[in-house]
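Visitor: Residue numbers (the numbering used here), protein chains in the order written: chain A, 555 to 804; chain B, 3 to 294.
Source of the hints: derived by calculation from the structure; they are not laboratory data. Be a bit skeptical, because a hint or two may be false.
As the list claims (entries may be wrong) - Label-pair ranges, simulated between beta-carbon atoms:
1. A:HIS573 / B:THR143: 55 to 63 Å
2. B:ASP6 / A:THR686: 20 to 28 Å
3. B:GLY158 / A:SER668: 20 to 28 Å
4. B:GLN220 / A:ARG693: 44 to 52 Å
5. A:VAL671 / B:ASP6: 44 to 52 Å
6. A:ARG614 / B:GLY82: 53 to 61 Å
7. A:SER675 / B:SER112: 56 to 64 Å
Stated by the list, open to error - One side only, chain B facing chain A, incomplete, derived with CB under 8 Å:
8. MET167
9. ALA181
10. VAL267
We put the beta carbon where it would ideally sit given N, CA and C, even for glycine.
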Amino acid sequence: MNADIVPAVSLEEVEAGYHDHDRVLQRVSLNARPHRLTAILGPNGSGKSTALRVLAGFVRPRSGFVRLGEREITDEPTHRRLELGLAFLPQGRSVFPSLSVQENLLLGAWHIRSDAVRVRSAMEAAFDRYPTLVSVRRRRAGSLSGGQQRLLEIARLLMTDPSILLIDEPSAGLSPKLADLAYAEIDRLRAEGRTIVLVDQNVRAAIDLADDVYILAFGRNESSGPREQYADLDRLVREWLSGGGARVSD
Amino acid sequence: MNIDTFLQALANGVMLGFIYAAVALGLSLTLGVLGIVNMAHSALLILSSLLTWQLVNGFGLHPLLAFLVVIPAFLLIGAGVQRWLLRPIRRQPESSGLLLLFGLLIVVESLALAIWTTDPRTVRLEGISASISLGPITTTTNRLLAAAIGAVAALGLHLFLQRTMVGRATRAMADNSDAASALGIDTGRLSVLTFAIGVALAGLAGILIAMTFTFSPQEHVRWLAWAFLIVIVGGLGSVAATVTAGLAIGLTETFVGLLLPFQFVHLVIYALLATALIARGGGFMARSERRI
Numbered sequence: 555m556n557a558d559i560v561p562a563v564s565l566e567e568v569e570a571g572y573h574d575h576d577r578v579l580q581r582v583s584l585n586a587r588p589h590r591l592t593a594i595l596g597p598n599g600s601g602k603s604t605a606l607r608v609l610a611g612f613v614r615p616r617s618g619f620v621r622l623g624e625r626e627i628t629d630e631p632t633h634r635r636l637e638l639g640l641a642f643l644p645q646g647r648s649v650f651p652s653l654s655v656q657e658n659l660l661l662g663a664w665h666i667r668s669d670a671v672r673v674r675s676a677m678e679a680a681f682d683r684y685p686t687l688v689s690v691r692r693r694r695a696g697s698l699s700g701g702q703q704r705l706l707e708i709a710r711l712l713m714t715d716p717s718i719l720l721i722d723e724p725s726a727g728l729s730p731k732l733a734d735l736a737y738a739e740i741d742r743l744r745a746e747g748r749t750i751v752l753v754d755q756n757v758r759a760a761i762d763l764a765d766d767v768y769i770l771a772f773g774r775n776e777s778s779g780p781r782e783q784y785a786d787l788d789r790l791v792r793e794w795l796s797g798g799g800a801r802v803s804d
Numbered sequence: 003m004n005i006d007t008f009l010q011a012l013a014n015g016v017m018l019g020f021i022y023a024a025v026a027l028g029l030s031l032t033l034g035v036l037g038i039v040n041m042a043h044s045a046l047l048i049l050s051s052l053l054t055w056q057l058v059n060g061f062g063l064h065p066l067l068a069f070l071v072v073i074p075a076f077l078l079i080g081a082g083v084q085r086w087l088l089r090p091i092r093r094q095p096e097s098s099g100l101l102l103l104f105g106l107l108i109v110v111e112s113l114a115l116a117i118w119t120t121d122p123r124t125v126r127l128e129g130i131s132a133s134i135s136l137g138p139i140t141t142t143t144n145r146l147l148a149a150a151i152g153a154v155a156a157l158g159l160h161l162f163l164q165r166t167m168v169g170r171a172t173r174a175m176a177d178n179s180d181a182a183s184a185l186g187i188d189t190g191r192l193s194v195l196t197f198a199i200g201v202a203l204a205g206l207a208g209i210l211i212a213m214t215f216t217f218s219p220q221e222h223v224r225w226l227a228w229a230f231l232i233v234i235v236g237g238l239g240s241v242a243a244t245v246t247a248g249l250a251i252g253l254t255e256t257f258v259g260l261l262l263p264f265q266f267v268h269l270v271i272y273a274l275l276a277t278a279l280i281a282r283g284g285g286f287m288a289r290s291e292r293r294i
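Here chain B stands alone, though its shape is the one from the complex (with noise of 0.2 Å):
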C-alpha cells in the first residue's frame, strides 16, 4: 500500500466513522441513561432518510433544509413515544419495552413499505455533490458534510451531557434516579427529554444516511446491527466512547476492504464484536458503572 493510498483509507474511514457514530449515538443515549434498548432506532433512521428523500427529491427542498424539519420532528416523536407509550408500562418488566419498540418497528417500517415502496432511494444532491481534493486525498462535499455534522451532533451531544445541568442532571438519573428525585429533579420529564433526544438523533443520523448511502425501507436492520456493534464495542462509558468506536469501526471496514476482498468486510467486524464480547462484557472502553 503506497501512503497515497493509506493517506485517503484513511480519510475515508474517519468520515465514516463520524457518520456511524452518529448512527449509535442516539441508541448509546437511551440505553445508557434510560435502560431502554430502542429496537426502533434503525426503523426511524430508515424513516429519516426517506423523509429527507421526499423533501429533497420531491418537493425540491435543499438537503441541508431537511434538517430544519425532521429534527424537530423528530424530537415530538420522540417525547410522544416516551409520554404515551413507555411510561404508562415503566413498572413493568423490561421486556414489555422491548416488545412494544419492537412494534413500533414493524408499524414504522409498515408505514415507510406502504408509503416508498421496497425501491431503492438515492437523495438528489444538487449544490453539494462536487468532489474536493486536499493533496492526495479526494471526497465529495457531501460525504465531508455528512461527517462534519455527526462530529458536530457527537460534540453537542458531550457538552449537553458534561457541561449544562440539565445534562448533568441526565447523568445523574442514570446513576441514581431516586437520589435525583430526592434533589427535586424531575425525573419523568427528563426521562421524556432523554428519549426526544435520542430519537431526534436518529433523525439526525438518518439525514446523514440518505447524504451518503442509497437505502430502501426494509434495509434499516442492517444498521440497527451497525448501531448495536458500536454500542457494544464502545460500550456505555460515554459519547467519547461511542465516537471512538465508530472510527474504528470505519477504519476498519475501510482498511479491510483495501486488503481483502468485499465478503471478508463483515466477517472481519463481527469477530471484532465477538472479541469485545468475549474480552469485556462491557465494551472495550466502558467505565465500570456502564453510564454515559
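In isolation and in its complexed conformation, chain A is listed as follows (with noise of 0.2 Å):
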C-alpha cells in the first residue's frame, strides 16, 4: 500500500480483551486509507469485531495506538470519535424498534441536538436520499421490513454526516436479495468520497467491494494488500481451514 497516504483511520500494535488475560488482539496493525473502503475477514474468533470495536472507541486497547488521520484517538470516547467525523454500525438489527422512523433518525443526531437548524436539514437530507421512509416516518421502526430497517439504520447513521463509517456485518440476517441492496448501498457510500472499514462473513461480497483487505487470524495480522492479491478466494478459505481457523467464538 502506498506508504506515503495519511491514513484516515488507523490501529498500531494495538492490544486488546473483553476480561483481564484474554487477547482477542495481539499487536493487530491497520490503516484504512481515506475515500477507500477496506475489509477486515478472518474465521470466526479471529478477532475482527474487535478491531472494529476499538476503532469505534468501544473497548479500549491495553496498549498501542488508535489514530485519526494524525491525531491519536486512543483514549477519546464514542461520543469524540462522533465529533470528528467517525460513525459506528455495530452489528446486527440496530434499529429503535419501539421509536418511530422519525425518533430513530433524531437519535442519529443526538451529539449535535442543540443544533436545531442541522438537525432538521439532516432530516431531510435523510428523507431525500431514502424517500420510501417518508411514508412510514411515523411507524414504528420495528414494523418496517428488514430491508427498510437496513435503510433506516444507514440514514440514522449518515443524520452528522459522518466521513469515516464503521461496519459489522452488514448482511447478517438479510436475505440474499437485502443483502446485495446493503451491499450497493456500502458502495454508493465509497463512491460519496467517505472511508469505510467494512467487517464481514460474506468474504466473496466483501472481496467485490473492497479496495483493501486485511486478514486477521487467532486476533493477529494475518496479511493484507489490495483487492486483486485476494482474487483467488478458494485458496484463501483453504489457507484458513489449514491454518486451523477453527476457534469459535468472536
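Could you fit the two chains together into a complex? Lean on the hints.
Guide: Dropping the structure here:
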C-alpha cells in the first residue's frame, strides 16, 4: 500500500481484550486509506469485530494506538469520535424498534441535538436520500421490513454526515436480495468519498467491494494488500481451514 | 345500585386508580428501561410517607411543601444507589442486583423502624382536608389533590419519554443499549438519571399515600404487592398502560367493595392478577417488546 498517504483511520500494534487475561487482539495494525473501502476478514474468533470496536471506542486497547488521520484518539470516548466524524454501525439489527422512524433518525443526530437547524436539514437530507422512509416516518421502526430497517440504520448513521464509517456485518440476517441492497448502499457511500471499514463474514461480497483487504487470524495480522491479491477466494478459504481457523467464538 | 352510588364509586375508583398508578410508575420505569426489579421500591415509598409525616406533623410544614423537600432528596438517593451500588455490579448476574436492592429494603425498613417505631401514622392535613361536593359525588380536597398530582406525574413522565430528546434516548437505551452508545448517547449517565427518576416517583407516591392513608413502616410490603400487581396487569408497554392498569385496579377494588364483603376484595384482585399472568405473560396491554 502507498506509504506516503496518511491513513484516514488506523490501528498501531493494538493489544485488546474483554476480560483480564484474554488477548483477542495481539499487536494488530491496520491502515484504512481515505475514500477507500477496507475490508477486515478472517475466520470466526479472529478478532475482526473487536478491531472494529476498538476503532469505534467501545473497547479500549491495553497498549498500542488508534489514530484518526495524524491525531491520536486512543483514549477518546465514542461520542468524541462521532464529533470527529467517525461513526459505527454495530452488528445485527440496531434500529430502536419501539421508536418511530422519525425518532430513530432524530437520535442519529444526538450529538448535534442542540443545533436545531442542522438537525432539521439532516432530517430532510435523510428523507431525500431514502424517499421510501417518508411514508412510514410515524410508524414504529420495528414494524418495518428487514430491508427498510437496514436503510433506516444507514440513514440514521448519516445524520451527522460522518466521513468515516465502521460497518459490522451488514448482511447478517438478511436475505440474499436484501444483502445485495445493503452492499449497493455501501458502494454508494464509498462513491460519495467516505472512508469505510467493513467487517464481514461474507468473504466473497466483501472482497468484491473492497479496495484493500486485511486478514486477521487468531487475533493477529495474517496478511494484507489490495483486493486483486485476494482474487483467488478458494485458495484463501483453504488456507483458513488448513491454518486451523477453528476457534468458534468471536 | 342506584345512579348516585354508582357515580360516587366511579369517582372514588378513578381517584384511587391514579394514586395506584403513581405507586407503580417508578417500578415500571426502572424495570422497563433498565431491566432492574427495584425490590426497595415500597420501602422507599413508605420512607417518603414517614418523612412527610415528620415534616408536616413534626416541623409544621404545609403538606404540599413536602414535595419540595422529598423529591429532590429522593432524586439524589436514586442517583446514588445507581451510581455507587448498582453500577459496580452491573456485569454480575441479575440476582446480585435483586439481592442488593433487597438489602436496601431491609436497611431502609430497619432505619424507619428505629426512627419512627411501628406505630401507625396519619399526616395532619390542615387546610386541605375540606370536604367538597359535585352533584351526588362527595370527596375531600386531599384525596382529589393526591389523585390530580398522581395524574400530573404520569402525564409528565409520558411527555418526558415521548417528547424530549433525553426521553427518546431513554427509550432507545431500553430498546438497544449498544446501538444507543454507538450514537454517542452516554448510557451510564442515562441509567443514573432513569433510576433517580424511578426513586423520585416512589418519593412522590409516598407523599400521595401520606395524604390519603394511614401507614406504618412495616406496612410497605402491601404496597410492593400492589405496585407489582399494576406492573404485571399493565405490562411494561408504556406510561399509559401503567395508568390504565392503575385505574382498572382502583375501579375494581371500589366496585367489588360495594358488591361483596370487604374480605373478598383482595381475592378478586388477585384472581385478576392470575388471569393476567395466564392469559398474557406480558400483561393485558403489553406490546411485544415489553418496553417503556
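Visitor: It remains to establish, for every hint, whether it holds in the given structure.
Guide: Structure-based check of each hint:
no.	hint	verdict
1	A:HIS573 / B:THR143: 55 to 63 Å	holds, 60 Å
2	B:ASP6 / A:THR686: 20 to 28 Å	violated, 58 Å
3	B:GLY158 / A:SER668: 20 to 28 Å	holds, 23 Å
4	B:GLN220 / A:ARG693: 44 to 52 Å	holds, 49 Å
5	A:VAL671 / B:ASP6: 44 to 52 Å	violated, 58 Å
6	A:ARG614 / B:GLY82: 53 to 61 Å	violated, 27 Å
7	A:SER675 / B:SER112: 56 to 64 Å	holds, 58 Å
8	MET167	holds, 5 Å
9	ALA181	holds, 4 Å
10	VAL267	violated, 35 Å
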